[in-house]
Amino acid sequence: MIEANDLTKEYGSVTAVNGVSFSVAEGELFGLLGPNGSGKTTTIRMLTGQVRPTSGSARVMGLDVAKDPVGVRRLVGIIPEQETPPSFLTAEEYLHFVAGIRNLDSVDERCDRWFDLLEFRDKRDVLCKDLSRGTRQKLMFAQAFLHEPRLALIDEPLINLDPIVQRTVKDFLQGYVRDGGTIFLSTHILDIAEEICDRVGVLHNGRLLYCGQTEELAGSGCSLEDSFLDLVRGDAGA
Amino acid sequence: MPVPDLFFAMMKEEWRIHSTIFGSAGFALFPVVVAIFAFAGLLTLPLFSDTLPYTTMAILALLLFLLAGVMVGSFGTMGREFMNRRFGQASLIAYASRSLPVSERRIFATFLVKDTVYYILLYVLPFAAGFTAAAPFISLDPGLGLLAFISLALAFLMGLAAVCLLSTLYARSVRLLAGTVVILAIAGLSALRLGAAPVLPPYAFLLDPSPGPLALSLILILVPAAASVLLVTVDYPDRTKRFTNRFDPLAERLRSLGSAHFIAKDALDLLRSEGGAGKVVFSFLLPLGLVWVCLRILIRFIPGIDLLIVFAVLLGVLSATIYNWLTEFDSFSVYAVLPVEVSEVIDGKLKSYALLNLLPVTVLVLAAATSGGAGTFLPALAAFLSVSAYTLAVTVYLTGLYPNVMLYSAGVFLRYVLATSPVLLLLIFASILDPRYAFASLLLMLPAALLLARGRTRWRAWEMPGY
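Same order as they appear, the protein sequences are chains A and B. Note that the first sequence ends on residue 732 in our numbering; no numbers are left out. Note that the second sequence ends on residue 638 in our numbering; no numbers are left out.
If you are wondering where the hints come from, they were derived from the structure by calculation, not from laboratory data. Since the structure is predicted, the reported quantities are computational estimates derived from the model, not experimental observations. Just so it is clear, CB atoms sit at the ideal spot from N, CA and C, and this is done for glycine as well.
Pairwise CB distance ranges (calculated): (1) A:Leu598 with B:Thr628: 27 to 35 Å; (2) A:Asp656 with B:Val345: 34 to 42 Å; (3) A:Ser517 with B:Ala196: 39 to 47 Å; (4) A:Gly728 with B:Pro272: 40 to 48 Å; (5) B:Val284 with A:Gly506: 31 to 39 Å.
Think about it this way: if two alpha-carbon atoms lie no more than 25 Å apart in a straight line, the pair counts; the simulated SDA-like pairs of lysine to any residue are: (6) A:Lys561 with B:Arg629; (7) A:Lys664 with A:Asp610; (8) B:Lys412 with A:Asp610; (9) B:Lys412 with A:Val620; (10) B:Lys285 with B:Leu200; (11) B:Lys522 with B:Leu552.
Quick partial rundown of chain A residues pointing at chain B, CB under 8 Å, derived from the structure: (12) Gln544; (13) Arg568; (14) Ile572; (15) Ser581; (16) Leu583; (17) Thr584; (18) His590; (19) Val620; (20) Leu621.
Kindly produce the complete structure, drawing on both the sequences and the hints.
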């Protein structure tokens with residue numbers, strides 16, 4: 495579903511992502527781990543055509559992201575790190591706006607499903623600017639899955655969500671993958687990755703230090719946190 | 172937090188917001204460009220001195236800076252939404268009262284001082300510097316530069332303070348605003364019988380730099396500014412607003428235009444942002460009124476000038492600022508997760524713009540009806556439509572979806588002025604020869620179409636630096 499080849503992104507003199515290569519197969523729940531500023535968000539933005547790589551290439555669902563970024567965004571669902579629904583539409587209107595752009599039918603049914611699953615039906619008529627950050631995050635979840643994509647790329651999926659909704663979302667993501675969907679998520683919360691991810695990549699200072707099974711990284715007797723810290727600190731000291 | 176710290180933090184923030192986008196040098200050169208234009212413009216003054224006395228030119232310059240103050244004030248203090256400004260929720264210091272022990276009033280007062288210092292450095296000082304440099308070449312005393320600076324700064328601040336007060340009153344009550352406007356209009360018209368100097372004390376100060384006019388100017392600045400600080404109300408976004416779904420019916424009604432979802436979103440943005448009606452009054456109708464007053468003065472001195480056509484040309488330029496309203500509450504990050512090209516968003520904005528242009532067309536019809544200019548209405552309409560389309564196309568080409576930010580880049584501003592000014596001047600001069608020449612402005616539709624086509628491609632390839 496995703497193939498990244500030597501992806502590099504430079505912002506002026508800063509190299510945000512440095513020669514990253516990996517692949518994600520259909521039906522996987524892949525987690526990109528890394529401390530703040532390690533390049534996770536930039537990687538997701540390159541994979542979804544929001545920023546152009548300085549060098550390297552990526553294919554998502556068979557499409558070359560550089561050549562057809564809109565085609566990629568048509569196929570996948572994206573949840574950005576900073577929730578950005580338009581200020582002066584209500585939650586319901588925003589979902590209808592998204593449905594209009596994606597040419598979806600049965601919009602009310604699709605919206606109702608998400609209002610009920612993430613329990614924010616009572617906020618449907620509130621302007622997005624007046625929603626709490628948690629509700630905005632729920633709304634961004636709803637817009638990403640409104641067209642039932644086969645692949646979703648999620649930047650920090652559980653940020654701002656309360657523990658009850660976090661559980662709902664984790665269950666949903668695992669069920670989604672069981673049903674054949676693919677998830678690529680980035681997070682610096684290791685517990686999430688350890689609990690739900692099949693495979694993980696570890697990014698530090700823009701470089702991919704590890705890419706493989708979650709259990710292998712955790713290793714025998716070690717927690718994922720210990721192994722992660724060893725990797726990152728080892729790289730920082732190198 | 173001490174006010175000086177708050178002030179310097181706001182100054183740094185304003186600088187960084189702009190310099191992040193187009194580099195420190197690009198923004199720092201903006202005042203240099205203003206100075207160069209002022210210098211070049213002033214060198215041409217002797218050409219007009221036979222028909223237009225220097226005193227009249229001075230009134231026009233002061234009115235221009237009063238207008239600049241009005242526009243800066245209306246931009247920064249749009250009723251209850253002044254904290255949002257052009258960067259939406261990104262004006263973090265403006266929200267400091269939520270997390271720091273700083274009152275909203277203190278923040279607003281500092282914000283006002285910051286805008287005063289910032290825009291005087293950005294516009295007034297460079298203009299006065301250009302004047303001082305040009306003065307020896309046009310037989311004027313360079314010492315007048317300081318006097319010009321003080322007078323222009325006073326005019327600018329009068330506009331800024333007045334609109335701050337009016338927009339603060341608007342945030343409290345529309346009736347309060349209407350009552351104040353009526354009282355001010357009656358007082359202004361009564362004073363106008365005595366001449367321009369009593370209505371415009373900075374002009375009186377320019378003619379006679381004595382304490383009297385200076386004190387009157389300062390009163391007209393400090394009283395409204397202090398009143399606006401005392402009366403300020405801040406509607407933080409945590410006041411929940413609920414609306415039934417108006418998006419779908421609106422999009423359905425607009426379906427035949429294409430881009431229906433984008434236009435419907437723009438319409439709701441404009442209607443629901445609380446500056447909605449305020450935007451029209453402060454950013455459009457008020458400056459337009461000032462332009463009308465300036466033109467009424469000007470036609471007394473330039474024979475053959477057609478008031479309606481010149482007004483139509485300037486109306487076209489001003490109406491292009493409607494595009495700024497359409498992009499003020501929007502950014503491409505809203506669309507970045509959707510299968511949408513920047514060009515599609517721009518197309519939607521252009522259609523919204525075309526619909527909103529009914530407002531300036533109505534103004535033009537009213538101007539023609541009330542000024543007895545019905546005979547030149549058709550060429551004036553052609554001039555308005557062409558200039559509006561052309562100026563919009565230049566704005567879109569140069570600034571994409573970010574006109575409120577990008578026009579402060581020296582390079583972008585220079586190109587904007589170079590692309591629009593010669594065309595507008597040529598059009599105005601041609602219409603003096605014969606008002607029907609204004610029909611030739613329809614030729615501007617061609618470069619407008621070309622610029623829009625190129626702009627759509629250009630902005631597809633643009634990335635917000637550092638984001």
